[in-house]
Amino acid sequence: MGMNIAEKILAAHTKTPEFRPGDIIKVSVDVALANDITAPIAIQAFGSSGLTRLPDPDRVVFVLDHFTPNKDIASANQCKLVRDFARQQGISRFFDGGEAGVEHALLPEKGLVVPGDLVIGADSHTCTYGALGAFATGVGSTDLAAAMMTGQAWMKVPQTMKFVFDGELRPWVGGKDLILYLIGKIGVDGALYRVMEMEGPGIDALEVSDRLSMSNMAIEAGAKAGIMAPDEKTEAYVKPRATRPYTLYASDPDAVYESTTIFDCADIEPQVAFPHLPENSRGISEVGEVAIDQVVIGSCTNGRIEDLRVASRIMKGNRVAKGLRCLILPATPLVFRQAVSEGLIGVFLDAGAIVGPPTCGPCLGGHMGILAKGEKGLATTNRNFVGRMGDTGSEVYLSGPAVAAASAVTGRISAPQEVLP
Amino acid sequence: MIFKGSAWRFGDDIDTDAIIPARYLNTSDPGELKKHCMEDADPQFPTKVKPGDIIVAGKNFGCGSSREHAPISIKAVGVSCVIASSFARIFFRNSFNMGLPIFESDEASRAIGQGDLVEVDASTGLIRDLTTGGEFTARPIPAFMQELIADGGLIEHIRKRGSI
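Residue numbers (this note's numbering), protein chains in the order written: chain F, 1 to 421; chain B, 1001 to 1164.
Hints listed in this document are in silico derivations from the structure and should not be mistaken for laboratory results.
Source: prediction; values computed, not measured.
Careful: at least some of the hints might be erroneous.
[As the list claims (entries may be wrong)] The calculated label-pair distances, taken between Cβ atoms and stated as ranges, are:
(1) B:LEU1130 / F:PRO245: 55 to 65 Å
(2) B:GLU1135 / F:ASP96: 50 to 60 Å
(3) F:PRO240 / B:GLN1044: 50 to 60 Å
(4) B:ASP1106 / F:GLY288: 28 to 38 Å
(5) F:PRO240 / B:ARG1161: 36 to 46 Å
(6) B:GLN1044 / F:GLY98: 40 to 50 Å
Built from N, CA and C at the ideal position, the CB exists for glycine as well.
Construct the entire structure; sequences and hints are all you get.
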């Protein structure tokens, strides 16, 4: 019987490769990731285990990206706890200060995750790396502590759902629009416990950055992983960056899927998810009149250089609408540097946007762009739960960078064509 | 083990931002986190919930962020167990890893009313609504996860057995 990519990667990482969906297996972990919110609990759990030294510090990656630059004293203390542990244990993949970026933009950029890897991260958006042909999934801090101790994790072997994007992409449609459309069709638990494997001409046409933003949101459909087969674009992205040898897996022609769903890209216009769930997505032509107070462009979903280029094309020569706050946070120091050298930051500043450092801050209502009661925000982030970006009486809409930039100019949720016909 | 307490009902898709809002994640101290448990879903909950009480929710409980602060806050506030028609996967594994008992039962999730006195037998998965007399059976827990609970969570499991 044929195997799909997820099953092949799991099989390559376990001593019991004769598994079936539903079995619980033990797998070896190539990368174990945590951030300033989740690492402290993992470090405490590690401390309680009786071990004093990490058996393999090179397997561990810590990124201080959530409440950094330190938003308050308590956050500073959490960062210090992680920093001290990283120093004491000799963790070389520790990213702090001017080396830190939003983790799921940073790790692929640094070549720290490669195709064929099995990655666990104490951050739900660890599924991002599926776009590179890795099996990557979010776990809790205790799972991370266990991987720090043993190099292993337990996994329930998931069923896989296949999603095919047929046809040609419409203008201004990116990966974010495809994934919001998909989540709108299957719901926030539509892929619960499953792997989503995404393929088709629509995926082939996307650059790696757009694919990363799709896999990033697999968790928003409840999925364990959101995997794409690596192609020549993946390899061109990975090859110059990879810190380790990689393996390119493809699903067998007779691989087994729980279901196969085919979407026609001709039906997919730029999408907007309405409050308070990512499944409330609509095409931009069905949005109506929604005035907004704030736009955020950034995050592990859409803070890459390609996203900033899209935003810059739309904002060039335009001004942010009076009374609207537009925050642009390049996701990593390298993205920031590129945006400076390509002149994008100048475009944003000329437009009256606020440009800030790489941080997850506003996405989870941490800091740098909190919404007040009654305010509406449009963000290129991945979640719009009640109170996600501020007061429980605020509202968050989600979109890709094109709609976000156009809306920053008009002051209401707008199609990109409205600003750049 | 038998859990017995009053039911606190919540709806579908209760996300971890509702269980413990991110604005409180600058600490992992259970004593702090419990003050804000479920506060964005029901501001009364952290002060009115009693030790042993049981959360009864709809589908996809615990969706969203992987923060373990969510099950930590639920345990710390004194909730004995959570019943839902389904759990989001990271919350599901976090609960077993750190020893918060959870039970999946669609029927129980639909039938149990706010404030009903509920009893759960963890060994058999039998859920009884003592207020209405209703009886339900939770989905069986895989053997490995029963081991995790018996050992007192994942870290203790590794300490006892030398590996996962």
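Quick check: which numbered hints come out false for this structure? none
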